[in-house]
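Enquirer: Take the sequences, apply the hints, and build the full model.
One-letter residues, chain by chain:
2 protein chains.
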Amino acid sequence: MNEFDFIKSLRDQSRAQRHSSRILTGIGDDAAILSQFPGSDLLITTDLLIEEIDFHRSATPPQLLGHKALAVSLSDIAAMGGRPLWSMVSLGLPNDLWQSGFKDKFFAGYFAHANQFGVTLIGGDLSESRAGVVIDSIVLGQVTSGSAVRRSGAQPGDHIFVTGTLGAAAAGLKLIEIGARLGSSVLNSLPGHVTRSGTSANENLVDQPESRDSNSNSEPDHDSSETKSIETLLLRQLRPSPRVGWGMVIGAEHLATAMIDISDGLSSDLDHLCKESNVGALIRSDNIPTDSDVTFLCGRRALDPLSLALHGGEDFELLFTSRAEAVARLPKRVDGIAISHIGEITDQPGKIQVIEKNHIWDLRPEGFEHFKKQ
Amino acid sequence: MNEFDFIKSLRDQSRAQRHSSRILTGIGDDAAILSQFPGSDLLITTDLLIEEIDFHRSATPPQLLGHKALAVSLSDIAAMGGRPLWSMVSLGLPNDLWQSGFKDKFFAGYFAHANQFGVTLIGGDLSESRAGVVIDSIVLGQVTSGSAVRRSGAQPGDHIFVTGTLGAAAAGLKLIEIGARLGSSVLNSLPGHVTRSGTSANENLVDQPESRDSNSNSEPDHDSSETKSIETLLLRQLRPSPRVGWGMVIGAEHLATAMIDISDGLSSDLDHLCKESNVGALIRSDNIPTDSDVTFLCGRRALDPLSLALHGGEDFELLFTSRAEAVARLPKRVDGIAISHIGEITDQPGKIQVIEKNHIWDLRPEGFEHFKKQ
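So the sequences go chain by chain: A and B.
If you're matching positions, the first sequence starts at 1 in the working numbering and goes up one per residue.
If you're matching positions, the second sequence starts at 1001 in the working numbering and goes up one per residue.
Simulated from the structure, these hints should not be mistaken for lab results.
Be aware that one or more of the hints could be misleading.
Every beta carbon over 12 angstroms from chain A, so not counted as near; a handful from chain B, in silico [to be verified]:
id : residue
1  : Asp1029
2  : Ser1035
3  : Thr1120
4  : Ser1147
5  : Gly1153
6  : Val1249
7  : Glu1344
8  : Asp1362
Partial pick of chain B residues on the chain A-facing surface, computed with a CB cut under 8 angstroms [to be verified]:
id : residue
9  : Glu1003
10 : Asp1012
11 : Ser1090
12 : Trp1098
13 : Val1134
14 : Ser1185
15 : Leu1187
Covered stretches of chain A, as calculated for chain B (at least 3 residues, CB under 8 angstroms) [claimed, not checked]:
id : segment
16 : 4–10
17 : 50–63
18 : 76–90
19 : 107–120
20 : 123–132
21 : 183–192
Here a beta-carbon is modelled for each residue, glycine too, at the ideal position from N, C-alpha and C.
Expert: Below is the structure:
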């Protein structure tokens, strides 16, 4: 049984034993929906981040870990069309990190991000952890009654949109895995203390252990562009921007029939949305918004930006479906972020196809999955 | 800076940046309180449980781990005087446990306990974990507007009460640490699958690696009593009973001025309550409800039951203070659990004293604390 089937079995058990009529949506969407007071529904979501599985501590300054822990849950509230209001965080730390400045930097990053969206930390828990950093991030939000956007409302003929660009976070992860690290100019700009013990001053924006070998000094312009691209991609992985503004606009103006955030990857998250809605999808590869930095770096490494855009996770963009009559009401940009119309919902449940040039092929969900069969 | 000082600094930061007037209580109590609809406040709490720090997996059947993960958070809602309604759980599992029956047994125990209190699981998260089991337990509840019982309302002259008995969970932990384990008759009665691979059938209620050496076969009655006592204490540690009924009665009938659950230990939790209320306390050692099984086993081992009752954690009893005029309205028992009147609140902030025979001594908070200086 894979992760998603197991969650489905928990949902069935939970539904069979539902004790409260105020649960509008329980397990199985980006957040749970509880009816609250007349006119308002409550949203709540939780995300578990475990060292070496969900993040690499050596590549992640504590401030950005605090930022990201909150961001992943803000993204879930955005994916319901809600406004985030309150948060909690449970933090397990090895004793040596407790004694260091780690926790202060973590919360400096956390609070800076919370303030950006008017979110207040209202609780949490602390525990020692023998084996690495463990974070559980909880965000509560609200939405006008009945306005929450579930995964399950897409209908054949709906247009499929995605905010921003895809593939950059996955490219950033690949760079981290081959040793790329944020440079000192970024580290020095983080909230709270910035000096990391053991890190010498470094005038480069990023450390690029790979690019120094593969590029000669005779290409200074390329090197500089590459450095900038690497930095951008590392930050897309380490400092994601949840699309809270887009989520609130879509929820408040009833612009979408279904929505999910792209955390596992477009192929997997579109699959989740289609399965919950009992529909299929046809998307056009040319319309998938790949990232220019990804394209630039992939071009130099013979990698495929489309593959990263389809299967790479953690972009935390929003994927949503809109009825034809709502499309004209969609804003061009929110918070500077544009959207792309990538395809249409079909009446073939579970079937997701890609039109690439003159060729149509089936898209399998190949995004991130915990406990994937090796 | 210790754990509690750090939480205080987070509370200060959170208060300075409070964005919402609906937060009635944020960081620093058993649960956060949010105003909800007219007549009702929402409670939310989270508890992080990490393997080898907060539980010993080898001594804890998965069903009881599921039970306890929920129980610790139910206890927080009870400590606010609230009714638990909904829950979420984030679970990090090593890959080998994912592939085993562990998760099904965990949720069998979790759901059985949730049903006991009419609580519905509405969400959560799953992640792989490289280093042991990690659980974050979240419970939401509600209380009539303004009826939540904070830690901060105790006043000089209030009477101090505690539900049930103290010290048994700590004694159970000590037994686990010297190798005692639940026997097959208990294991066979757990919800869900009961056969643990690698465990041979065992007709004893408990394995008692220590007692077998220390007791001769010429004391069959004592052995049988000891076995029963050990089993009881192991279950007080592994299968705590949150005082949900007491919490709801106290909240609904406005019987307490302040309340906290005893998770760290009476000395520490009374200290938390007194500090939040800016008062002191005088308690009588004779009135502290020690557990008869603890007394029995301690007597055979020259241990001090009073010390376990004062400093042992995880009893998940409720500690509350009541004005003199409310005392007559306190029920004798709720769900079969009695209360003990252990002392009075004084006007000496932070000073907690114990009357033991003709002697008065200062009680230091010596209960559980993460990141205690070694």
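Enquirer: Now tell me, hint by hint, if it's right for this structure.
Expert: Hints, one by one, checked against the model:
The beta carbon of B/Asp1029 is not kept farther than 12 angstroms from every beta carbon of chain A, the shortest such distance being approximately 8 angstroms. A beta-carbon of chain A is positioned within 12 angstroms of the beta-carbon of B/Ser1035; the least distance is around 9 angstroms. A beta-carbon of chain A is positioned within 12 angstroms of the beta-carbon of B/Thr1120; the least distance is around 5 angstroms. Chain A leaves B/Ser1147 outside its interface by the beta-carbon criterion, the shortest separation being 17 angstroms against a cut-off of 12 angstroms.
Remark: the non-interface label on B/Gly1153 is consistent with the geometry, its nearest Cβ contact in chain A lying 19 angstroms away (cut-off 12 angstroms). A cut-off of 12 angstroms between C-beta atoms confirms that B/Val1249 is not in contact with chain A; the least separation is 20 angstroms. The beta carbon of B/Glu1344 is kept farther than 12 angstroms from every beta carbon of chain A, the shortest such distance being approximately 30 angstroms. Non-interface status of B/Asp1362 relative to chain A is upheld: no Cβ of that chain comes within 12 angstroms, the nearest being about 27 angstroms off.
Checking B/Glu1003 against chain A by beta carbon gives a least distance of about 6 angstroms; that is within 8 angstroms, so the hint holds. Annotation: B/Asp1012 was flagged as interfacial toward chain A, and the flag is violated, the nearest CB pair being 11 angstroms apart, outside 8 angstroms. Given the 8 angstroms rule on beta carbons, the hint for B/Ser1090 holds: about 4 angstroms separates it from the nearest Cβ of chain A. At its closest, the beta carbon of B/Trp1098 sits 5 angstroms from a beta carbon of chain A; the interface hint therefore holds under the 8 angstroms criterion.
Interface restraint check for B/Val1134: the shortest CB-CB distance to chain A comes to about 5 angstroms, inside 8 angstroms, so the restraint holds. For B/Ser1185, the interface hint is violated, the least distance from its beta-carbon to any beta-carbon of chain A being 27 angstroms, above 8 angstroms. The beta carbon of B/Leu1187 is not positioned within 8 angstroms of any beta carbon in chain A (closest approach about 22 angstroms), and the interface hint is therefore violated. Beta-carbon proximity to chain B at under 8 angstroms applies to 3 residues in the segment 4–10 of chain A; the threshold of 3 is reached and the given coverage holds.
Under the rule that three or more residues need a Cβ within less than 8 angstroms of chain B, the assignment of the segment 50–63 of chain A holds, with 5 such residues. Figure legend: the segment 76–90 of chain A, annotated as covered by chain B; annotation consistent (4 residues with Cβ-Cβ distances under 8 angstroms, at least 3 required). Check on the segment 107–120 of chain A: 7 of its residues sit with their Cβ under 8 angstroms from a Cβ of chain B, so the three-residue criterion for coverage holds. For the segment 123–132 of chain A, the stated coverage by chain B is satisfied: 10 residues place a CB nearer than 8 angstroms to a CB of that chain, which reaches the threshold of 3.
Counting residues of the segment 183–192 of chain A whose beta carbon lies closer than 8 angstroms to any beta carbon of chain B gives 0, which falls short of the minimum of three for the stated coverage.
Hint compliance for this structure: hints 1, 2, 3, 10, 14, 15 and 21 are not met, and every other hint is.
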